[in-house]
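Novice: What follows is each chain in one-letter form.
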Amino acid sequence: MMKQWQVAKRILPLLAVFSLLLSACGREDLSAMKPQGPVAQDQLDLMKLSIAIMIVVLIIVFAIAAYVLIRFRRRAGQTEMPEQVEGNFKLEVIWTAIPLLLVIILAVPTVQTIFAHGEDLTNDKNAVKVQVTSHQYWWEFTYPQYDITTAQDLIIPTGKKIAFELKTADVLHSFWVPSLAGKMDTNPDGTLNKFSFSAPNEGVYRGKCAELCGRSHAFMEFKVKAVSQESFDRWVNAMKAPAVLPEDTQLAEKFKTNCLSCHAVGDQGGPAAPNLTGIGGKEAVAGILLNQREGQEEGKPVLDNMKEWLHDPQSVKEGNTMPSPKSLGLTDEEIDGIAEYLANYKLDYE
Amino acid sequence: MAHAHSVKRYRGLMDWITTVDHKKIAVLYLIAGGFFFGIGGIEAILIRIQLMKPMNTFVSAQVFNELITMHGTTMIFLGVMPIIFAIMNAVVPLQIGARDVAFPFVNALGFWTFLFGGLLLNLSWVMGGAPDAGWTAYTPLSSAAYSESHGVDFYTIGLQIAGLGTLIGGINFLATIITMRAPGMSYMRMPMFTWTTFITSAIILFAFPAITVGLVLLTFDRILGANFFDVANGGNPVLWQHIFWIFGHPEVYILILPAFGIISEVIPTFSRKRLFGYSSMVFATILIAFLGFMVWAHHMFTTGLGNVANALFSISTMLIAVPTGIKIFNWLFTMWGGQIRFTAANLFAVGFVPTFVMGGVTGVMLASAPADFQFHDTYFVVAHFHYVIVGGLVLGLFAGLHYWWPKMFGRILSETLGKWTFWTFMIGFQLTFFVQHFLGLMGMQRRIVTYLPNQDFDLLNLVSSIGAFLMGVGVIIFLINIVITTRKPVDAPNDPWEDGRTLEWTIPSPPPEYNFKQTPLVRGIDAYWKEKMAGNKEMTPAEPVGSIHMPSATPLPFVMSVGIFIAGLGLMFSKDKFELEFMNIIFNNYIVVIIGLLITFGAMALRSLYDDHGWHIEPEDQDEKGART
Ligand code: HEM
Ligand SMILES: [Cu+2]
Chain A
1 MMKQWQVAKR ILPLLAVFSL LLSACGREDL SAMKPQGPVA QDQLDLMKLS IAIMIVVLII
61 VFAIAAYVLI RFRRRAGQTE MPEQVEGNFK LEVIWTAIPL LLVIILAVPT VQTIFAHGED
121 LTNDKNAVKV QVTSHQYWWE FTYPQYDITT AQDLIIPTGK KIAFELKTAD VLHSFWVPSL
181 AGKMDTNPDG TLNKFSFSAP NEGVYRGKCA ELCGRSHAFM EFKVKAVSQE SFDRWVNAMK
241 APAVLPEDTQ LAEKFKTNCL SCHAVGDQGG PAAPNLTGIG GKEAVAGILL NQREGQEEGK
301 PVLDNMKEWL HDPQSVKEGN TMPSPKSLGL TDEEIDGIAE YLANYKLDYE
Chain B
1 MAHAHSVKRY RGLMDWITTV DHKKIAVLYL IAGGFFFGIG GIEAILIRIQ LMKPMNTFVS
61 AQVFNELITM HGTTMIFLGV MPIIFAIMNA VVPLQIGARD VAFPFVNALG FWTFLFGGLL
121 LNLSWVMGGA PDAGWTAYTP LSSAAYSESH GVDFYTIGLQ IAGLGTLIGG INFLATIITM
181 RAPGMSYMRM PMFTWTTFIT SAIILFAFPA ITVGLVLLTF DRILGANFFD VANGGNPVLW
241 QHIFWIFGHP EVYILILPAF GIISEVIPTF SRKRLFGYSS MVFATILIAF LGFMVWAHHM
301 FTTGLGNVAN ALFSISTMLI AVPTGIKIFN WLFTMWGGQI RFTAANLFAV GFVPTFVMGG
361 VTGVMLASAP ADFQFHDTYF VVAHFHYVIV GGLVLGLFAG LHYWWPKMFG RILSETLGKW
421 TFWTFMIGFQ LTFFVQHFLG LMGMQRRIVT YLPNQDFDLL NLVSSIGAFL MGVGVIIFLI
481 NIVITTRKPV DAPNDPWEDG RTLEWTIPSP PPEYNFKQTP LVRGIDAYWK EKMAGNKEMT
541 PAEPVGSIHM PSATPLPFVM SVGIFIAGLG LMFSKDKFEL EFMNIIFNNY IVVIIGLLIT
601 FGAMALRSLY DDHGWHIEPE DQDEKGART
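First to last, the protein sequences are chains A and B. For the first sequence, the residue numbers in the UniProt record's numbering are 1 to 350. For the second sequence, the residue numbers in the UniProt record's numbering are 1 to 629.
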């Protein structure tokens, strides 16, 4: 015990230094080193502990190596034989015991955290349940308690635990929001994964697919948007409101026959493609074309992004399964019309 | 001359195709491995050009996925493994005082199946698309439904054939080391490189059957419509992950243990000291191999195996740090009190130690499952395994090649160029991979063709790419060194480093065809060193001069491998529709497969039915000169 404490005492200042170093880089809404929630925070703590231990090891090894290499280089005219040492039982026991000790120091909190994070919250009344279904190359989020489904932007209330159930509709993907929690794979039926996280602060966090899933793996991004409980409730209601269709009845007809065969808006359409309800207010088009947002330098107006996507989906996301609207027989004007309609389709909830 | 029967001698290319001499097979492995290493390196450079800046469009996403898949697959199976085998073939029989490996014919067969498997895999670039599901080929992405080109078929069948060669090679080394050690060489007197070869071969023996089965199942799924990994039909894709990693994790140790062995030879030689803690080194090696089989699921923490599994695999993985630590400190204390010479070979060996420690400590970090939820499938992992594989193994291989080059070719590589190789490669390596740790922590996942700007990824990716170019320069300098050295006369002495400790340094460089005119008598660890210290110039022979039996050269291993290659191609295209009706007939009815197998089995039959007793080299023909120039 005494020894453990001494090691810990030596590690503490290092920990402080590394906390500083680690928090120096990366975006707050993206970096695992700038956690925005308790799960990512625990994971970072574990990372810091392991890094501190590892730095101790590195310093010892590098110091011995440097000393040996400088002190024992062969000098000119040196001819006598060095003593042929067999080994040293005491030394060898020491460098077996010390790594073992270090491993124990790391293993104990590791195991604790595994079990703390591995709790199953599926039956927790206070948690918001979200079923995540991954597709090549988009994310579907279903809220069984509210009977709503959305895509690409995951809206959650701040402070609440979100209990996820993950599955895939095709190949394996991995659900990852670095600043909120580590990743978890989405497996096919039969091996569903569960996990949870929460976001205490309002904000938009970047999520990524972390498992190679095909050509547009790199573009399979999503956003987690944490809003206040009131906003969340209003969002739920807005999602349940009847669909808003284009005012131009001809365009509405085109939209219904060509787009709603796969997509859904409000109470209309199908589940084969991302739900488009309120798409004009989302953070990005197709998960990857960032929309302009207050307090953020990057991004283009949502209408530009919408047009870029609708005029050529393949050039944005190679290999995605949406047919090009042009090939469905829509004219450029009609495409622009639909783009405009979708860009203006926003839910008022914030 | 009583035994003056004529022996068939081949010349030129035929000499190489028919050889069963372990020293020539080593050269073949080296050339083939170097060739594939070059291809894998070019693929790496292309990847790094693509990732040099955000939203780059240098290659398409499809080509990028093919590049990463082929880069990983090529480097691991076709690049470094054969170079390891080259060194093992060149050195192990000499280190144990043997005249060849246990099964010279099988040794040649192992090389040729490896080569034809590798060629088949790389043919995919020109025959309609390379594999694109990552080197891990996770199902369902690698299933026929999601990877429609023949790419993954090239992967399964090419690796199957190449893997056959590895398995054969491993078994051969096991048999060689068990049965052919010189008198007096007990296990605990074996040189460390021979020890690690022995353990590596044992890992191969247990790990490769797993991948063999996995590849067969995947081939069945893809070509014959089976459902081992298809959920809709009762299969399970997570099963593939288990099979793959039960092979895949030990594979990492197949790669790194020989590097440990090389370092354990080079450091003592250039410190003029015996290896510190020899028996703990042996023990640590065995322990690492054993633990290597117990930790495969640490690649699967995020797959969702449950808390208990994650906890157990976390702890067992961390334990590997203990025997590895033993090795590191033993190397450091080998140098302690010695007289260190910084030859090119030793620079690589000395550089290996801290670099490998870096890779090792990040490995322990990855072992902590909750933290791995953040690290997994990010550039942190890319950085970690390159520290191990490049910073560990490739530096080890460079050390070994510079060290044994004079023994293999009779010429010493230029020390100046060797040092240039070291510094450019080492600096390039650190630039490339150190910054990738941070990229991963900052949220950059791996295997992505590009990334959005403004995520703080831009600068570090640029640094990484520049480092990669520098590593490329290092490799080119090494090639130049080889070319220059090859044009020099063969003049290396038996013991060019003057402080050689093991048996290979007692015979000429390069060794004669039969290696040892008289099998030496081994009287301790570092047998040659011991004799030198006792004031002897040579080993005491364990037998009188006599007629030496040699195996005959034969083209059969080559022919067998060609047959397997043809059968593989035939199987792969057996479901295709061709323009030419003739092609449809021969492929769709498995006629090509049958022809290929007939060639292979025919050659096997010839080998079994026709008794070849080999030939003898008589004492009067045994001159002390090397067999090759
Ligand atoms: C010039 C030296 C090298 C460079 C610059 C380099 C770079 C890279 C890069 C950028 C990746 C892709 C990371 C990703 O997004 O997944 C990669 C993957 C990989 N590399 Fe290297 N590499 C080099 C040498 C090697 C060597 C020598 C080996 C093994 C002997 C190796 C083994 C691998 C493996 C196994 C992968 C994973 C492939 C996959 O994801 O399927 N690399 N490398
Ligand atoms: Cu994905």
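Simulated from the structure, these hints should not be mistaken for laboratory data. One or more of the hints may lead you astray.
What the hints assert, rightly or not - Using 25 angstroms as the maximum straight-line C-alpha spacing, the simulated DSS-like pairs for lysine-lysine come out as follows:
| # | chain 1 | residue 1 | chain 2 | residue 2 |
| --- | --- | --- | --- | --- |
| 1 | A | Lys161 | A | Lys125 |
| 2 | A | Lys90 | A | Lys125 |
| 3 | B | Lys53 | A | Lys223 |
| 4 | A | Lys346 | A | Lys300 |
| 5 | A | Lys300 | B | Lys53 |
| 6 | A | Lys90 | A | Lys48 |
Novice: Are Lys161(A) and Lys125(A) close enough, with their CA atoms no more than 25 angstroms apart?
Specialist: holds (10 angstroms)
Novice: Quickly compare the C-alpha distance for Lys53(B) and Lys223(A) to 25 angstroms and report which way the hint goes.
Specialist: holds (23 angstroms)
Novice: Is Lys90(A) within 25 angstroms of Lys48(A), Cα to Cα?
Specialist: violated (32 angstroms)
Novice: Need the status of pair Lys90(A), Lys125(A): alpha-carbon distance at most 25 angstroms?
Specialist: With a Cα-Cα distance of about 58 angstroms, the restraint between Lys90(A) and Lys125(A) is violated, given a limit of 25 angstroms.
Novice: Are the Cα atoms of Lys300(A) and Lys53(B) separated by 25 angstroms or less?
Specialist: Judged against 25 angstroms, a Cα distance of about 20 angstroms means the pair holds.
Novice: With a cut-off of 25 angstroms on the C-alpha distance, tell me whether Lys346(A) and Lys300(A) pass.
Specialist: holds (17 angstroms)
This entry does not satisfy hints 2, 6, going by the numbered hints stated previously.
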